[in-house]
Amino acid sequence: DQQVKQNSPSLSVQEGRISILNCDYTNSMFDYFLWYKKYPAEGPTFLISISSIKDKNEDGRFTVFLNKSAKHLSLHIVPSQPGDSAVYFCAHHGQNFVFGPGTRLSVLP
Amino acid sequence: DVKVTQSSRYLVKRTGEKVFLECVQDMDHENMFWYRQDPGLGLRLIYFSYDVKMKEKGDIPEGYSVSREKKERFSLILESASTNQTSMYLCASRPTSGNTGELFFGEGSRLTVL
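Note that the protein sequences, when read in sequence, are chains B and E. Numbers -14 to 94, taken from my numbering, label the letters of the first sequence in order. Numbers 23 to 136, taken from my numbering, label the letters of the second sequence in order.
Bound-form chain E, shown alone (with noise of 0.2 angstroms):
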């Protein structure tokens, strides 16, 4: 089975606060995704990778950066953090072939800054 591990299923931190979240993946899957999901808002993409050093940006890139080094391993980085990043973050993998396209997640970190 994909397992995609999120560090931290829950944060709590304060506004200014530079705040990492970690996501690992164990399928050697090339494309790796952040979604944050608010209520009526669905999941909104906010950074994703193709292959290791690479990063797009996704809808909502404002406020966030990414890293990733490994192709295991992709991090969401608040720089400084904000009430209105108060969310669920969510990451995904999948290979670039050989399935319809679906995204695998993990089981979400929920993020409250204060």
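In isolation and in its complexed conformation, chain B is listed as follows (with noise of 0.2 angstroms):
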């Protein structure tokens, strides 16, 4: 089974710097891993994601970076703006979808 591991549940960064959240996982076999973003009382909405073939994807300030022989994928937020506060999923997409436990991001003024 996989298993998705977000180990940091929350994060303070300062507008303007960049934001890091990193996600681990267990299982190597998957087509994709998607970052989502949550705000409060809404539903996640799809941020962005990569394949299993690439070890980089970018889309404006966001940057997904994958490290197979780690286990590991980090997406990079730069630079960071306080609208970004929010909690951000990791999620991998094989045969289902296994969410990790979310981390909270706050962007400080």
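It cannot be assumed that every hint is accurate.
Derived list of chain B stretches under chain E, where covered just means 3 residues or more per stretch with a C-beta under 8 angstroms from a C-beta of chain E [stated by the list, open to error]: (1) 30 to 36; (2) 80 to 87.
Quick list of in silico lysine-lysine cross-link-like pairs, DSSO-like style, CA-CA up to 30 angstroms [stated by the list, open to error]: (3) E:LYS25 <-> E:LYS35; (4) B:LYS22 <-> E:LYS35; (5) E:LYS79 <-> B:LYS56; (6) B:LYS(-10) <-> E:LYS79; (7) E:LYS93 <-> B:LYS22.
No wet-lab data here; the hints were simulated from the structure. Each residue gets a CB set at the ideal place from its N, CA and C atoms; glycine is no exception.
Put the two chains together into one complex; each comes in its own frame, and the hints tell you how they fit.
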């Protein structure tokens, strides 16, 4: 079974600086990893994904890096903005979806 | 834009009551899902459905059932609500093919069981 871990429950970053959110997984068999962003009292929204055949995917201020040997991926947000304050979920998409517990990002003005 | 609509944003129920959570999507997606979100636990899959009349148990199906009579509608049923079912419930849908597999979520239904 796939396990997805986000070991930092929370992260605070100054506006304009880089935010790095981390995710570790246990099972090497997967198709995609996805990052979702969730504001309070709203459903998660898709942010960015990376396929198993890539090691980097970039979309504007958001970049996801995949290190398959370490079974680790990270989401970089540069520059961080106060509107980025939310809970971020890492999700594995293989046979089904497995979500990590989430990291709460606070971007301080 | 894909629209996933959950009928109730906030509900308060008493222990033992029957609870219906309705979800409708307007993009003709084959796959629909019910998750619950609890702090520190992320999103956990309760049930999912690949087609009309079909349902599959997820990771935590106990105490729940589902109904998919029409392609666009997926209902979650708590036959006898208990306090440990107090949670945020999230419905999601996605097509079988054509994208990276992203799920489209509704806004969530926050259920409190007293």
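Hint compliance check: list the failing hint numbers for this structure, sorted ascending. Violated: none.
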